[in-house]
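Visitor: So you can see what is in the structure, the chains are spelled out below.
4 protein chains.
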Amino acid sequence: MFIRFITTGGTIDKIYFDALSQFEVGESQIEHILTDGLVNFDYEIASLFRKDSLELTDDDRLQLKETIENDDARHFVISHGTDTLVETAAVLNGIPDKTIVLTGALSPARFKTTDAVFNVGMAVAAAQMAEPGVYLAISGQIFEASKVRKNRDRNRFERI
Amino acid sequence: MFIRFITTGGTIDKIYFDALSQFEVGESQIEHILTDGLVNFDYEIASLFRKDSLELTDDDRLQLKETIENDDARHFVISHGTDTLVETAAVLNGIPDKTIVLTGALSPARFKTTDAVFNVGMAVAAAQMAEPGVYLAISGQIFEASKVRKNRDRNRFERI
Amino acid sequence: MFIRFITTGGTIDKIYFDALSQFEVGESQIEHILTDGLVNFDYEIASLFRKDSLELTDDDRLQLKETIENDDARHFVISHGTDTLVETAAVLNGIPDKTIVLTGALSPARFKTTDAVFNVGMAVAAAQMAEPGVYLAISGQIFEASKVRKNRDRNRFERI
Amino acid sequence: MFIRFITTGGTIDKIYFDALSQFEVGESQIEHILTDGLVNFDYEIASLFRKDSLELTDDDRLQLKETIENDDARHFVISHGTDTLVETAAVLNGIPDKTIVLTGALSPARFKTTDAVFNVGMAVAAAQMAEPGVYLAISGQIFEASKVRKNRDRNRFERI
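Those sequence lines, one after another, are chains A, B, C and D.
Quick note on this note's numbering: the first sequence kicks off at 23 and runs consecutively.
Quick note on this note's numbering: the second sequence kicks off at 23 and runs consecutively.
Quick note on this note's numbering: the third sequence kicks off at 23 and runs consecutively.
Quick note on this note's numbering: the fourth sequence kicks off at 23 and runs consecutively.
For reference, chain A alone in the conformation it holds in the complex (with noise of 0.2 Å):
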């Protein structure tokens, strides 16, 4: 099996600056998670975009489709902001004969408190097991791409 990554940014991969007292989208933590993991299959990991999912464009989206569309590869997992992930599975609903599944964190990666690597573990399940079609892993629940919002107020994914 082989697995094809790529990382747009989000609160999984933030870091805080201290020189700036800030937190911004740092280098993914894609990859220390999958040592961590102690995973054994093939995979890479290509970095698209470093941004806050609300900063993401049409044409970001886009730009991911065709990524994914122009890959050799059946099995994906796309590391991503929370605020819009609901969006953009919307938008790469529709390709066929892949499975791809969005995932991110609510708390930070780097912390060491937080949600990323439970949800990537998720993700990676999902990948290899999932019909072809869109997906999110997170809140402890896999998801259908339409079937999915966030609950803002109570910080979580639900289905509807």
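Possibly wrong hints are sitting among the right ones.
Chain copies aren't distinguished; within one or between two, either way the pair holds.
With a Cα cut of at most 30 Å, we get these calculated DSSO-like pairs of lysine-lysine [said to hold, decoys possible]:
1. LYS87 <-> LYS169
2. LYS120 <-> LYS87
3. LYS172 <-> LYS87
4. LYS134 <-> LYS120
5. LYS134 <-> LYS87
6. LYS73 <-> LYS134
7. LYS134 <-> LYS172
Just so you know, the hints here were simulated from the structure itself, not pulled from any lab data.
Once you have looked at the hints, place chains B, C and D on chain A.
Guide: Using the frame of chain A, we list chains B, C and D on its own:
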């Protein structure tokens, strides 16, 4: 969705006791992992054993099997030592109408660097997605119970 | 021995709020650090402010000074943002008969990789060993209050 | 300031080997602790032994003493198992003109929850502040070599 977790011991729950300069099975880390993972589904955790999996007996495995059979739940995640994960999976194989995912860790969950969180994330995804049957979630993969072995020399699980 | 801890905010206590995509001062991490450090001495922790140190006013510093002067304790550890650590130390300098150690962190205590625990360890040692006076514990060193500056470009403290 | 670190093994450096279901002394964690601590002073780390401190012999202690005596450095931090920390300190006591701080941990540095980082922070502060002599940095305190014992039942060090 409801998932029943059953813990049996193993490396995933190991803790170091300085007084004895020894490493023993401590209380289960599953609850902490699910809390940090910000999961949003119903679950209960039952502690059945606290053993190294090399110490699990045939009777223990039958007791685990009966516990699952007598439980109304349809989705199970079992945490277990890795040395006899495959043997226990073989005993559980054949239980009808239930999706049972065994997982564990090669490095204790209490370590800074551990595969435990990633593995439980995979197991939770598999427990909700897979057809009824028995599976292993470890080494970055979801294996069917009868098609996997532990490669001790390389400290990983492989498809057979 | 008794040590009085006073927390004022700063990077050491910063937490990330996903809802706001913002990083703010959260509740103090000192209690967790002392518990994990398995310390065996008497202490109490008072929370005075929850501010970035750039937001601390002259009035705040006077309030901190009076709090220390009116306290019976002889040994103090103050957690504080790093940007104005030196300025606050200057205001406290001159309080007689008390050993006062200011510390903080360049990376939040909630991060997997942080200097917070190391710095508080240094501060606790200095608070019990040093002559009455005001000190900084950071960048692996114990500085006297009037002989230190923050080098912002190199993100560290240096003797002057 | 220059600090010479000498590592001798002990719980602080313990690692878990799944293949053996055993816990052994691994490579020293001091370098990681100093790097994460963002220290800004000169140092070198020498690895002398990798032993449980119960396995250290009289010859080992003499070798440690000679190593220190023959070293030009004035400030030393020694990482060491806790079970015979007091015995080794007694052997080193009397070396003139050097500040020697022994430290260790009751919980391995590789654990998420450990006293190792806090203890090394205390030791580094003590090594630069204390008069020549031999000290222990553990249980949140700086002890003089001849005035401390390990209370095994309560798993902590106490002044005598």
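Visitor: Taking the hints in turn, state whether each one holds.
Guide: Quick rundown of the hints versus the structure:
no.	hint	result
1	LYS87 <-> LYS169	within (20 Å within a copy, 35 Å between copies)
2	LYS120 <-> LYS87	within (12 Å within a copy, 37 Å between copies)
3	LYS172 <-> LYS87	within (22 Å within a copy, 38 Å between copies)
4	LYS134 <-> LYS120	neither (34 Å within a copy, 35 Å between copies)
5	LYS134 <-> LYS87	neither (33 Å within a copy, 34 Å between copies)
6	LYS73 <-> LYS134	both (22 Å within a copy, 22 Å between copies)
7	LYS134 <-> LYS172	both (24 Å within a copy, 27 Å between copies)
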